[in-house]
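Engineer: Now for the letters of each chain:
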Amino acid sequence: MIKNALTDIGGIGIYGVISICLFFAVFTGALFLTLRMKKSFADKMSSLPLDDGDNTDKGVPHE
Amino acid sequence: MNTNIETFKYDNRIVRAFAIATIVWGLVGFSAGLLIACQLFWPELNLNLQFTTFGRLRPLHTNAVIFAFVGNGMFMGIYYSLQRLCKARMFSDKLSWLNFWGWQAIIISAAVTLPLGLTSSKEYAELEWPIDIAIAVIWVAFSINLFGTILKRREKHLYVAIWFYIATAVTVAMLHIVNSLEMPAGLFKSYSIYAGVQDALVQWWYGHNAVAFFLTTPYLGLMYYFLPKAAERPVFSYRLSIIHFWALLFIYIWAGPHHLLYTALPDWAQSLGMVFSLMLIAPSWGGMLNGLLTLRGAWNKLREEPMLKFMVVAVTAYGMATLEGPMLAIKSVNSLSHYTDWTIAHVHTGALGWNGFLTFSVLYWLFPRLYNTRLYSVKLANWHFWLGLLGMMFYVIPMYWSGITQGLMWKQFTNEGFMQYPNFLETVLQLIPMYKLRAIGGTFYILGACLMTYNLYKTAKSGVFVPEVEVQAPSLKSQPEHPEEKHPWGHRWIESKPMVMTAFALVAVAIGGLVEIIPMWIIKENIPTIASVKPYSPLEVLGRDIYIREGCVGCHSQMIRPFRSETERYGEYSKAGEFVFDHPFLWGSKRTGPDLHRIGGKYPDAWHFNHMDDPRLTSPGSIMPRYPWLLTQKLETSSLPARIGALRKVGVPYPAGFEATAQKELETQQKKVVENLKVGAITNAPADREIIALVAYLQRLGTDIKVKPAAPAAPGAPPPPPPKTARTDSTTPARN
Numbered sequence: 000m001i002k003n004a005l006t007d008i009g010g011i012g013i014y015g016v017i018s019i020c021l022f023f024a025v026f027t028g029a030l031f032l033t034l035r036m037k038k039s040f041a042d043k044m045s046s047l048p049l050d051d052g053d054n055t056d057k058g059v060p061h062e
Numbered sequence: 000m001n002t003n004i005e006t007f008k009y010d011n012r013i014v015r016a017f018a019i020a021t022i023v024w025g026l027v028g029f030s031a032g033l034l035i036a037c038q039l040f041w042p043e044l045n046l047n048l049q050f051t052t053f054g055r056l057r058p059l060h061t062n063a064v065i066f067a068f069v070g071n072g073m074f075m076g077i078y079y080s081l082q083r084l085c086k087a088r089m090f091s092d093k094l095s096w097l098n099f100w101g102w103q104a105i106i107i108s109a110a111v112t113l114p115l116g117l118t119s120s121k122e123y124a125e126l127e128w129p130i131d132i133a134i135a136v137i138w139v140a141f142s143i144n145l146f147g148t149i150l151k152r153r154e155k156h157l158y159v160a161i162w163f164y165i166a167t168a169v170t171v172a173m174l175h176i177v178n179s180l181e182m183p184a185g186l187f188k189s190y191s192i193y194a195g196v197q198d199a200l201v202q203w204w205y206g207h208n209a210v211a212f213f214l215t216t217p218y219l220g221l222m223y224y225f226l227p228k229a230a231e232r233p234v235f236s237y238r239l240s241i242i243h244f245w246a247l248l249f250i251y252i253w254a255g256p257h258h259l260l261y262t263a264l265p266d267w268a269q270s271l272g273m274v275f276s277l278m279l280i281a282p283s284w285g286g287m288l289n290g291l292l293t294l295r296g297a298w299n300k301l302r303e304e305p306m307l308k309f310m311v312v313a314v315t316a317y318g319m320a321t322l323e324g325p326m327l328a329i330k331s332v333n334s335l336s337h338y339t340d341w342t343i344a345h346v347h348t349g350a351l352g353w354n355g356f357l358t359f360s361v362l363y364w365l366f367p368r369l370y371n372t373r374l375y376s377v378k379l380a381n382w383h384f385w386l387g388l389l390g391m392m393f394y395v396i397p398m399y400w401s402g403i404t405q406g407l408m409w410k411q412f413t414n415e416g417f418m419q420y421p422n423f424l425e426t427v428l429q430l431i432p433m434y435k436l437r438a439i440g441g442t443f444y445i446l447g448a449c450l451m452t453y454n455l456y457k458t459a460k461s462g463v464f465v466p467e468v469e470v471q472a473p474s475l476k477s478q479p480e481h482p483e484e485k486h487p488w489g490h491r492w493i494e495s496k497p498m499v500m501t502a503f504a505l506v507a508v509a510i511g512g513l514v515e516i517i518p519m520w521i522i523k524e525n526i527p528t529i530a531s532v533k534p535y536s537p538l539e540v541l542g543r544d545i546y547i548r549e550g551c552v553g554c555h556s557q558m559i560r561p562f563r564s565e566t567e568r569y570g571e572y573s574k575a576g577e578f579v580f581d582h583p584f585l586w587g588s589k590r591t592g593p594d595l596h597r598i599g600g601k602y603p604d605a606w607h608f609n610h611m612d613d614p615r616l617t618s619p620g621s622i623m624p625r626y627p628w629l630l631t632q633k634l635e636t637s638s639l640p641a642r643i644g645a646l647r648k649v650g651v652p653y654p655a656g657f658e659a660t661a662q663k664e665l666e667t668q669q670k671k672v673v674e675n676l677k678v679g680a681i682t683n684a685p686a687d688r689e690i691i692a693l694v695a696y697l698q699r700l701g702t703d704i705k706v707k708p709a710a711p712a713a714p715g716a717p718p719p720p721p722p723k724t725a726r727t728d729s730t731t732p733a734r735n
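Protein chains in written order, with numbering that gives the first Met the number 0: chain A, 0 to 62; chain B, 0 to 735.
Among the hints, erroneous ones may be present.
Covered stretches of chain B (chain A as the covering partner; in silico rule of three or more C-beta atoms under 8 Å from a C-beta of chain A) [unchecked claim]: (1) 315 to 322; (2) 411 to 421.
If we take Cβ atoms under 10 Å as the criterion, some of the chain B residues that face chain A in the derived model are [stated by the list, open to error]: (3) Arg-232; (4) Val-234; (5) Ile-280; (6) Trp-284; (7) Tyr-456; (8) Ala-459; (9) Val-514; (10) Ser-588; (11) Lys-589; (12) Gly-592; (13) Glu-664.
Using 25 Å as the maximum straight-line C-alpha spacing, the simulated SDA-like pairs for lysine to any residue come out as follows [what the hints assert, rightly or not]: (14) A:Lys-38 <-> B:Lys-670; (15) A:Lys-37 <-> B:His-156; (16) B:Lys-330 <-> A:Phe-22; (17) B:Lys-670 <-> B:Ser-621; (18) B:Lys-151 <-> A:Ser-46; (19) B:Lys-330 <-> B:Gln-478; (20) A:Lys-37 <-> B:Ile-510; (21) B:Lys-496 <-> A:Ile-17; (22) A:Lys-43 <-> B:Glu-480; (23) A:Lys-37 <-> B:Glu-303; (24) A:Lys-37 <-> B:Lys-670; (25) B:Lys-155 <-> A:Ile-17; (26) B:Lys-601 <-> B:Trp-492; (27) B:Lys-476 <-> A:Ser-46; (28) B:Lys-228 <-> A:Ser-46; (29) B:Lys-8 <-> B:Gln-632; (30) A:Lys-37 <-> B:Pro-466.
Read the hints as simulated data drawn from the structure, not as lab findings. All C-beta atoms, glycine included, are put in the ideal place defined by N, C-alpha and C.
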């Protein structure tokens with residue numbers, strides 16, 4: 000029944016394969032870039048929000 | 000002294016303006032939601048006004064919450080954090096204020112036009128074409144301001160929050176433009192350039208990614224900025240944030256078709272949507288864990304800092320919603336959940352938990368700092384927290400119960416093989432107690448938001464506003480270039496090149512959309528044509544426009560899925576080829592009332608007439624509002640030529656000059672409906688009222704495939720007469 004309801008197009012299987020390949024490429028690319036990153040740089044970047052030169056954002060402590 | 004040190008000021012005024020707008024529109028959006036939630040067990044609550052029916056206010060609620068509350072909240076957070084992360088004032092104060100006032104004007108125009116019934120009917124994109132253009136203009140102003148600020152930054156590397164802002168800016172622009180392509184038929188009316196299956200695919204590519212890139216990515220940016228600020232800890236893993244960003248960006252865009260499972264959308268597109276939805280769990284949970292683990296060693300701060308409590312619940316709700324989403328995208332689960340309140344529960348886990356609580360969190364953090372004081376009352380904030388959390392529970396749990404109950408009832412057969420609950424209304428009446436509980440939840444949530452408003456107002460009164468913050472930082476040029484930044488083989492290089500980052504982000508989001516949508520455009524066999532499917536007659540066109548105006552699509556689907564439980568209840572399942580003239584498609588996403596795709600011919604015309612006058616006359620206990628104005632308001636036909644012309648331009652094959660005869664054909668069909676009404680003892684219905692057009696449209700729905708095709712002509716025989724349908728003696732032209 001479902002087969003009759005839904006249509007297909009020739010060679011559409013390739014879309015699934017392309018999709019997975021693209022995702023695999025992007026994911027491994029990001030992983031590769033990440034692993035190459037130096038720890039000192041990652042540490043510096045991760046604490047960037049804490050070092051914005053704005054002293055007002057420390058806030059007044061609650062009572 | 001270093002002469003490269005520059006002095007500049009952060010602009011807090013624009014942040015405060017967006018913060019106030021966030022609070023005001025939040026209260027409006029939540030209240031609209033509560034009103035329509037109450038209408039579902041108390042239909043008279045629209046006060047018998049056409050401007051306040053569920054159908055018209057539902058888009059007002061969703062637009063107010065998404066674009067007004069979250070939209071302003073997003074701008075508030077971005078304008079605060081971007082300046083500080085770039086160590087630069089916003090690129091242009093003028094653009095900042097154009098962004099602010101333009102956005103408020105768009106919201107107000109939405110608040111006026113939606114109750115008036117001026118809608119394109121496409122979910123979360125209901126606003127008509129002039130407002131769509133205004134949205135594009137204001138979004139461009141925001142984007143220029145965003146990129147301008149990034150370009151004049153004094154911090155070489157773009158922090159992860161900014162990547163999410165960039166992704167938001169480019170993707171929302173792309174989604175909005177592609178989905179809003181429409182042909183105007185007057186100042187406040189347009190028709191989507193796409194039809195049927197294509198329109199559905201484009202709409203849900205947009206709808207799904209509006210959730211992704213309007214409700215998720217900018218708020219992830221805010222999480223990555225404000226959570227470390229409040230916890231006074233660096234983000235747990237910067238590396239994880241890179242994976243989170245790119246994987247999320249790349250995968251999210253593919254998952255749109257999971258909104259259309261088991262519909263007439265081609266199978267390959269559905270499967271693609273399902274697989275990518277499941278893959279989406281990985282980056283979503285990576286982000287959630289990155290947020291929660293940032294609090295490692297700082298959980299004790301939750302006792303002192305109310306904003307962190309809100310943040311933790313927000314991030315947890317994000318995790319829950321992003322696990323549930325992929326589960327709902329599994330076809331077998333979706334067959335039960337789709338069209339029920341389960342979806343409503345799911346989106347409110349995201350909206351109330353993730354977006355709501357994260358916005359509250361940022362507001363509690365910002366106000367004391369903007370006014371250089373302490374929060375007026377931590378106790379009140381804690382009350383807000385518990386009221387909000389309780390409100391969420393009272394909302395979400397009854398909706399799960401309701402969704403699963405109704406989904407199972409729809410599918411239940413007796414041992415003899417008959418439908419256990421053949422009357423749709425029977426399944427609705429089961430849910431009324433759940434709807435009441437939901438309204439209690441909504442009330443709690445709003446009460447909490449009112450406490451916050453009072454608390455923040457008192458906080459502001461107790462302090463002095465700091466309009467600008469003066470800071471110093473070395474100029475970008477004075478900062479030496481690191482060797483790794485010269486070569487394009489590390490993420491460090493990408494992070495120091497905003498335009499490269501933007502281009503990569505655009506490519507990542509464009510691929511998924513193109514792979515899905517282009518085959519739909521170019522491959523004809525995706526939508527098998529059905530010879531007997533014909534364009535709507537002039538009266539049906541106007542009837543359909545009334546159906547759109549009243550927001551019927553908010554409660555009634557027009558898409559029968561290929562299940563026995565649906566074909567038994569509604570009739571033949573829906574075929575892709577039946578919608579080729581539907582600009583826009585009206586498949587709907589929720590069945591508060593029954594599916595209407597095969598409603599044509601099911602009841603006499605008089606039944607529809609009485610039902611629209613008062614649904615409880617024909618269906619005792621119905622929760623549908625009355626539509627008495629349809630019986631008295633005169634059908635507006637002066638715009639008919641413009642509407643026919645616009646539909647022809649988007650591909651409906653009305654012949655040239657059809658406008659000249661359309662009015663006459665319309666009147667003929669009106670008379671026929673009036674005659675049919677007399678059979679049902681309605682003898683005084685004037686032909687020129689709106690109800691006549693609506694009845695004509697409803698009686699047409701789903702009937703085309705029932706028309707018997709003419710036998711093939713023998714060679715040399717005269718051509719057969721055009722097929723006549725039960726609905727009309729229409730001279731509507733045959734499709735080419």
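Engineer: Checking hints one by one. Is Arg-232 (chain B) an interface residue toward chain A, by the C-beta closer than 10 Å rule?
Structural biologist: Holds - the Cβ of Arg-232 (chain B) comes within 10 Å of chain A, reaching about 8 Å at its closest.
Engineer: Given the hint that Lys-476 (chain B) pairs with Ser-46 (chain A), does the C-alpha gap stay at or below 25 Å?
Structural biologist: Holds, at about 22 Å.
Engineer: Does Glu-303 (chain B) lie within 25 Å of Lys-37 (chain A) when you go C-alpha to C-alpha?
Structural biologist: violated (35 Å)
Engineer: Assess, step by step, whether the Cα of Lys-37 (chain A) is no farther than 25 Å from the Cα of Lys-670 (chain B), and give holds or violated.
Structural biologist: violated (79 Å)
Engineer: When you check the alpha-carbon spacing of Lys-37 (chain A) and Pro-466 (chain B), does it fall within 25 Å?
Structural biologist: violated (39 Å)
Engineer: With a cut-off of 8 Å between beta carbons, are at least three residues of the stretch 315 to 322 of chain B near chain A?
Structural biologist: violated (count 0)
Engineer: Straight-line Cα separation of Lys-151 (chain B) and Ser-46 (chain A) no greater than 25 Å?
Structural biologist: Distance of about 21 Å is within 25 Å: holds.
Engineer: Given the hinted pair Lys-228 (chain B) and Ser-46 (chain A), is their alpha-carbon gap at most 25 Å?
Structural biologist: holds (9 Å)
Engineer: Per the CB criterion, is Gly-592 (chain B) less than 10 Å away from chain A?
Structural biologist: Nearest chain A Cβ about 23 Å off; hint violated.
Engineer: Would the pair Lys-670 (chain B) and Ser-621 (chain B) pass a check requiring their Cα atoms to be no farther apart than 25 Å?
Structural biologist: violated (30 Å)
Engineer: Check the hint pairing Lys-601 (chain B) with Trp-492 (chain B) against an upper bound of 25 Å on the C-alpha distance.
Structural biologist: violated (65 Å)
Engineer: Are the Cα positions of Lys-330 (chain B) and Phe-22 (chain A) separated by 25 Å at most?
Structural biologist: holds (22 Å)
The structure does not agree with the numbered hints 1, 2, 5, 6, 7, 8, 10, 11, 12, 13, 14, 17, 19, 20, 21, 23, 24, 25, 26, 29, 30 stated previously, though it agrees with the rest.
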